[in-house]
Every structure is written in C-alpha cells, then in structure tokens.
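Build out the structure end to end from the sequences listed, making use of the hints.
For reference, the chains in residue letters:
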Amino acid sequence: GENVEQHPSTLSVQEGDSAVIKCTYSDSASNYFPWYKQELGKRPQLIIDIRSNVGEKKDQRIAVTLNKTAKHFSLHITETQPEDSAVYFCAAPPRGISNFGNEKLTFGTGTRLTIIP
Amino acid sequence: DTAVSQTPKYLVTQMGNDKSIKCEQNLGHDTMYWYKQDSKKFLKIMFSYNNKELIINETVPNRFSPKSPDKAHLNLHINSLELGDSAVYFCASSHTSEAFFGQGTRLTVV
Chain A
112 GENVEQHPST LSVQEGDSAV IKCTYSDSAS NYFPWYKQEL GKRPQLIIDI
162 RSNVGEKKDQ RIAVTLNKTA KHFSLHITET QPEDSAVYFC AAPPRGISNF
212 GNEKLTFGTG TRLTIIP
Chain B
73 DTAVSQTPKY LVTQMGNDKS IKCEQNLGHD TMYWYKQDSK KFLKIMFSYN
123 NKELIINETV PNRFSPKSPD KAHLNLHINS LELGDSAVYF CASSHTSEAF
173 FGQGTRLTVV
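Chains as they are written, first to last, in the working numbering: chain A, 112 to 228; chain B, 73 to 182.
Treat the hints as calculated values from the structure; they're not laboratory data. Values in this document were obtained by computation on a predicted structure and should not be read as measured data. Each hint should be verified, as a subset may be incorrect.
What the hints assert, rightly or not - Here are the simulated DMTMM-like pairs of lysine to aspartate or glutamate, each with C-alpha atoms no more than 25 Å apart in a straight line: (1) Lys133(A) / Glu170(B); (2) Lys81(B) / Glu170(B); (3) Lys215(A) / Glu96(B); (4) Lys133(A) / Asp110(B); (5) Lys112(B) / Glu116(A); (6) Lys148(A) / Glu130(B); (7) Lys153(A) / Asp110(B); (8) Lys215(A) / Asp110(B); (9) Lys179(A) / Glu170(B); (10) Lys112(B) / Glu150(A); (11) Lys116(B) / Asp160(A); (12) Lys169(A) / Glu170(B); (13) Lys215(A) / Glu130(B); (14) Lys113(B) / Glu150(A); (15) Lys153(A) / Asp102(B); (16) Lys116(B) / Asp195(A); (17) Lys112(B) / Asp195(A).
Given below as structure tokens:
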C-alpha cells in the first residue's frame, strides 16, 4: 500500500517569512497530490493540488512542487500571515480499482504550522 | 445546503455502550470515507466505500461497522465503546479528486 511521510511535524515561522513542508510517497503510480489545511476545531479543506503531468502549481501565496523521480512533493507558503497557522496534511492516493484511484485517500502525519507575529 | 453533513457533532457516552454516527453527502459523489483523528491530529482512514461497496477496511476492530444504505449515506455504528475510541470522527466524500469533509463528530467515552 501507499506510504506517505510528511516532515516536519511542527514548524514555527516568523510572520512574513516562508514555510516549506515536504512529503515523500512510495507508489510510483500515484498521479494526484493534494494538500489540506485544518484550522483549529475545523474540518480539513483542500487548499491546493497538483497532478503528475506538471512540476509546479501556484495559487497566490501558496505553491506546490512535485519531483516524480524522487517521489516527493512540497508545499510552499510565502509571506506567511497569522491565519496560515493550522495543521497541514498531504496525501498521495495510490491507483485503485477505478481510474481515479481515490479509494485509499491516506494522509501524511500532518504538520502543525505556527506563525509568530 | 451543506455538502457533507454528519450528526451528531458531539457525543459523550459511557464505556460499553453502542452508538451511531450518521453521514450524508449531497454532492453526488461515488466514494465516501470514515476517518479517525486522535489527540495528536493524525488523520487515519478507517473505511472507504465506492458506490455502496466496501473498498477499504484499515484493520479497524470489528466493533466498528459501517453501513451504506445508498450512495449518499455512510453511517458508522460502534459497539461496546472503549476509552480508546475517544477521538474526532470525520466523514468525507469525493469523486475524482478533492475530498469534502463533514464537520466532525467529537466522541468522548467516559
């Protein structure tokens, strides 16, 4: 099955600085890599995702980069703000019985990001 | 018009009791999941269903029994509750990519 490792488990960053969270995966057939953000007491929500046919995707202050050869992908947050404080989860669903491969949506262990004002 | 709704939001019960958590999605998704989030915030998949069919059962004790009466519903029944079952349980659904989560059910076993 898929094994997703996420680092670091905790990260403290000065407001305005950048934060980087990295995930490695084991199934070379994985082709979809989402990142979820979970604020305190709330549900996880998708913030950005990338498919294996591109190496980078940006959405304002967040970006995701993918290295398929090394089997790792990273979340980059620039110009961090207090509202970025949350737990972030990566996922790398393996190919399943369907073409979508979403049946086993297994998450990394999470990174608690704290933005220091 | 909540996309994924689960009830109840809070559940406090005694050891040994049986309880159920209900989940419904109005997104027309084929795949639904149950996750357990412990105090360390790990999001562990318990079950996934595709079109009412059980796909994944991640070595969950058989005290946990999911039931999918139709594509839009995935309920979780737990027998003989134990202290270690205390956690937040999330239901989710997806089609091809993004997973949408319910608000979570905080289960406390005393």
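Which numbered hints are broken by the structure, listed smallest first?
Checked against the structure, no hint fails, so every one of them is satisfied.
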